[in-house]
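*Asks:* In order, the protein sequence lines correspond to chains U and E. Residues in the first sequence are numbered consecutively from 1, following this note's numbering. Residues in the second sequence are numbered consecutively from 1, following this note's numbering.
Because the hints were derived from the structure by calculation, they are not lab data. For glycine and all other residues, C-beta sits at the position ideal for the given N, C-alpha and C. Please note: incorrect hints may appear among the correct ones.
Incomplete in silico selection of chain U near chain E, CB under 10 Å [to be verified]:
no. : residue
1   : Gln189
2   : Thr199
3   : Arg259
4   : Arg281
Some chain U residues near chain E, calculated using beta-carbon distances under 7 Å [unchecked claim]:
no. : residue
5   : Arg2
6   : Trp4
7   : Met10
8   : Arg11
9   : Ser12
10  : Lys47
11  : Val197
12  : Arg200
13  : Ile205
14  : Ile269
15  : Asp270
16  : Thr275
17  : Tyr278
18  : Leu280
19  : Gly284
20  : Asn285
Listed next, with one range per pair, are the computed distances between beta-carbon atoms [what the hints assert, rightly or not]:
no. : chain 1 : residue 1 : chain 2 : residue 2 : range
21  : E       : Thr605    : U       : Thr81     : 28 to 38 Å
22  : E       : His417    : U       : Ser71     : 57 to 67 Å
23  : E       : Leu32     : U       : Tyr8      : 27 to 37 Å
24  : E       : Thr605    : U       : Ser292    : 13 to 23 Å
25  : U       : Tyr8      : E       : Ile183    : 39 to 49 Å
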Amino acid sequence: MRSWLAQYEMRSASDLGEALDLLSRWPGEWTPFAGGTDLMVLLEAGKLPRRRFVDLWRINELRGIAASADSVRIGALATYTDLLTDPIIAAEFPLVAAAARETGAVAIQNRGTVGGNIANASPAADLPPALLVYGAALELASSRGRRHVAYESFHFGYKRMDLAADELIVGVTLPRERRAQGERGAGWQHRETYRKVGTRRAQAISKICFAASVDLDGGVVRDIRIALGSVAPTVVRARSAEESVRNQPIGSQTIAAARLALRADISPIDDIRSTADYRLRVAGNLLEELLS
Amino acid sequence: MPPVPAIGRAIPRREGVAKVTGRARYVDDLSLPGMLHGLTVRSPVPRGIIRAVHYGAGVPWDEITVVTAADIPGRNVVALILDDQPYLAADRINHAEEPILLLAHADKQLLEEARRLVTFDIEPLPAVFTLDDALSGAPIIWGENNLFKSYFVGRGDVDAAFADAPIVVEGVYETGAQEQLYIEPNGMLAVAGDASGVTVWGSMQCPYYIHKAIAGLFAMPLERIRVVQMETGGGFGGKEEYPSIIAGHAALLAWKSGRPVKMIYDRAEDMVATTKRHPSRTRHRTAVSRDGTLLGMDIDFMIDGGAYCTLSPVVLSRGTIHASGPYFCPNIRIRGRAVATNLPPHGAFRGFGAPQSIFALERHMDRVAAAIGLQPDELRRRNFIRPGQVSAVGQVMADRVDMDAILDRALDMADYHQKRTRFAAANVAAGRTRKGIGFATFMHGAGFTGSGEDHLASIVSVEATADGTVRVLSASTEIGQGTNTIFSQIAADALGVDVEAIEIAQPDTAVVPNSGPTVASRTCMVVGKLLETACRNLRAALTDSGHLASDGDLRQACRAYVRERGPLRASAHYQPNEAARWDDERYQGDAYGSYAWAAYVAEVTVDLVTFETRIDDFVAVQEVGRVIHPVLATGQIEGGVAQAIGWALYEDVVWREGRMANSQMTNYIMPTSVDLPPIRVHFEEVPYQHGPAGAKGIGELPMDGPAPAIANAIAHATGVDVRRVPFTPEMLAHLVEAAGA
């Protein structure tokens, strides 16, 4: 352990009001600490610049996964294990379940939280691409009140996000209505894909993370949602690629157009895990595989 | 009735219960009254001159022990082959993370803050990070020409062979660095003083290497130095020479502070600062007849030694001797060079140069086969070295080697020929995956090279105890590979007792004789043989004294002897093999007492979407002499294959300005259990007359074959020519793209 613990301070909030009160009284001074699976790595390495933390772990109102007729609400403190054991997530949001299964080891899955994963804002995070595909909304709270934002517009730069210093992510809402839409003809086909490319098959940090959902009607693309991780400063929705294939018949021309359009959606770089060239090529291959 | 022989049976690991119940004591489990923690402040730059050191405010510096090069009581050199590496940089820095000063305090975390507060004024000097820059001498960073060592070995007339050759195949092959990744990082605890001398306890392979190094560091006679091995969580060569440094550092802090000092590296420090496998580059030119007979081999083998010599000449020697593989060729020329760069020194790692040169050769052999339109196995069969034939360094093969039979068995177990045909046919169809199967044939010499064992002059002792058990006294360490267990089996059978009657003494230089380092696949074959002899000598002593009848109980005899006459100890000293010849000047002769021989087959699937390679099946067939312990021996092979798969496919040291940039297990990717295939191990057992019960060396062999077998399988699957370890998805993406364009 390379940190000097005497320099660090942690307060444990017993309820949401207490946590929000601390955040609002000294904006930017106290850093929320949920499962700690990202912060503890930095502490161990002696690279944790923030010194004061508010522990959220005991705030029970931030736990739980609850379904209503038209949506599922995931509490910010829901862990990957919670996601993996929830029947509605398994049945209706398989990309979320797949992401939870591919994240870390069991110990990390028991501690890591949905809200923490989003607020840590790593472009290599495994869960956010799945949330983007399902059109997630975030619920943010502060002592000033609550507001909802579309997850797609939440991150706007590397580790930059639409979250004020006194705000906490308290929940994530996934709409169910598109799951229920029926009236599909015989030629209707629905596909969902989650691929984490991390070179080794477990305990990996993504080089590319790809999540997608596509509806085909007689071989023509109708609804399509694609999101990627580790290929831009934030996780991204591939709007250009989606647009290029919507209402187009799948085939080699469509695939070529989609691959080209994808270049406008992502901006991969060389880093210690992989190369820009590899990420671009494999992202295109994964898109091609989805549409083949 | 004599007990059932222990050799050949899978008896329980002797220290197994202590390990799984947590009773086993590792160095970090030790604590002494008044103990301080120590740490190392390292260079932030790869090369330069230290102009000033600053101790920033924020910690009580008056409470912190600080050791610099000026505090060293003896010589500031790590005693090894050459005396070029300092314990602490005095003014010159030659690699990133080089130790500059040491700190100790009772509060380990405060010490971390102190480390952050030490800053240096360093005048930077140009540094060398590549083999090419090192060879071009721009700039000269070591000696006169950046060369630690060169070898020229060979036989026949290579130039004439090439002049007449119908076919010549050339190729350049490279391998990257690899971290040993033992589960327990390096650690030492030391006490030191004028009255007490120096004692260190720690994680290590070679207690007597540390013994010698500390004596020089403190200018103290050897008898005032004591080195004790604690339970050790793996070594793989990474705890061969490096522990001399951390032991010296802990002892210097203990000396200056007057308190016991413990230094334990965390994983990040262990990865960024300690030794790794030497990167290599090998150029092959091979002259071959149209029917596949090797006519001439011209091999240029080069390794990157890093900033100091350490063990590079010896690694180079083994890599050079293994560079021509298990083949006979009348005309061979091998040039070996170990060059200096400003990377942290590379060091011992399982295989010790052989995996590097064997990768090059075995990938090249498949290319030679393709060039003349021969099946890869057929080319090998036409050239396997046979008993009585002569190796590149002039060793007449005395082993009853039968590489044909080993290869037959391996290919049969892997269903190689059927799959070779089936995969090739299936790969023609479009699809997202390609399948391939490939193999490598190779050998690994056991024990020190040439006259090395003569110079080591190892000794093993055994002593009878008052309760009738027999204690084994050797400096050979248990590092997870099974020393305690196989020594118990060898001793038990030589004495004619149950293994429970054997006790293995903790390696402690105050107690055990110098049986040499725990390296070079020598523990079983060389030290085990000495143990067998020492046990026979003990038995003979008891017989001669009249305490042991021919069918008598050895334990009773020991008890009676000790009660009546006092201590009884028997020893065995290494005796040079009079028939073996070795010329150190010309580097010619019997390079190794024996070799283990092997054929490994890998079956792979390459995903053309992600360019990831998955190994579906792995067959490892080897001849290692008599197998002492079937489970441990199989474990050695499985572990070595897994480690070599890591090197081949995953483990990529990313260097930035001479520093490892990915020194975490999250970004230095080693395979997990789900990434590994079933590893099917088969032993052919041909007893070796100079090994205990006929055993040879085994530990390093499995590191040699997997990388080329996998490369050949990938080439079979994809048609791309893989020539650099590791075969990352990024590299394969590039190669597949280039091949398609």
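*Asks:* Next, verify each hint and record whether it holds.
*Replies:* We went through each hint and held it up to the structure:
1. Hint on Gln189 (chain U) is violated. Least Cβ distance to chain E is approximately 19 Å, over the 10 Å limit.
2. Hint status for Thr199 (chain U) relative to chain E: holds, with the closest Cβ pair at about 6 Å, below 10 Å.
3. For Arg259 (chain U), the shortest C-beta to C-beta distance to chain E is roughly 13 Å, which exceeds 10 Å, and the interface hint is violated.
4. Of the supplied interface hints, the one on Arg281 (chain U) holds, with its beta-carbon coming within about 6 Å of a beta-carbon of chain E, less than 10 Å.
5. The criterion of a C-beta within 7 Å of any C-beta in chain E is met by Arg2 (chain U), whose closest approach is roughly 5 Å, and the hint holds.
6. The closest approach between the C-beta of Trp4 (chain U) and any C-beta of chain E is roughly 4 Å, which is under the 7 Å cut-off, so the hint is satisfied.
7. The closest approach between the C-beta of Met10 (chain U) and any C-beta of chain E is roughly 15 Å, which is over the 7 Å cut-off, so the hint fails.
8. Taken as an interface hint, Arg11 (chain U) does not check out: its beta carbon lies about 20 Å from the nearest beta carbon of chain E, beyond 7 Å.
9. Because the beta carbon of Ser12 (chain U) sits about 21 Å from the nearest beta carbon in chain E, more than 7 Å, this interface hint is broken.
10. Because the smallest distance between the Cβ of Lys47 (chain U) and any Cβ of chain E comes to about 10 Å, over 7 Å, the interface hint for this residue is violated.
11. A least Cβ separation of about 5 Å between Val197 (chain U) and chain E falls short of the 7 Å threshold, and the interface hint therefore holds.
12. The restraint placing Arg200 (chain U) at the interface with chain E holds, with a minimum CB-CB distance near 5 Å, inside the 7 Å limit.
13. Among the interface hints, the one on Ile205 (chain U) holds; its C-beta lies about 6 Å from the nearest C-beta in chain E, closer than the 7 Å criterion.
14. A hinted interface residue such as Ile269 (chain U) counts as satisfied when its beta carbon comes closer than 7 Å to some beta carbon of chain E; here the least separation is about 13 Å, so the hint is violated.
15. Evaluation of the Asp270 (chain U) hint against chain E yields a violated restraint, the C-beta minimum of about 10 Å exceeding 7 Å.
16. Nearest Cβ of chain E to the Cβ of Thr275 (chain U): about 5 Å, under the 7 Å cut. The hint holds.
17. For Tyr278 (chain U), the interface hint holds, the least distance from its beta-carbon to any beta-carbon of chain E being 4 Å, beneath 7 Å.
18. A cut of 7 Å between beta carbons decides the hint on Leu280 (chain U): the least distance to chain E is about 10 Å, and the hint is violated.
19. Residue-level restraint check for Gly284 (chain U) is violated (minimum Cβ-Cβ distance to chain E is 10 Å; threshold 7 Å).
20. The beta carbon of Asn285 (chain U) comes within 4 Å of a beta carbon in chain E, closer than 7 Å, and the hint placing it at the interface holds.
21. In this structure the hint that Thr605 (chain E) and Thr81 (chain U) lie 28 to 38 Å apart at CB holds, the actual value being about 31 Å.
22. Distance hint check for His417 (chain E) and Ser71 (chain U): the Cβ-Cβ separation is about 59 Å, which falls inside the suggested range of 57 to 67 Å.
23. A beta carbon spacing of about 29 Å between Leu32 (chain E) and Tyr8 (chain U) agrees with the range 27 to 37 Å that was offered as a hint.
24. Checked against the given bound of 13 to 23 Å, the beta carbons of Thr605 (chain E) and Ser292 (chain U), roughly 19 Å apart, stay inside it.
25. Remark: the range hint 39 to 49 Å for Tyr8 (chain U) to Ile183 (chain E) is contradicted by a beta-carbon distance near 29 Å.
Hint compliance for this structure: hints 1, 3, 7, 8, 9, 10, 14, 15, 18, 19 and 25 are broken, all remaining hints hold.
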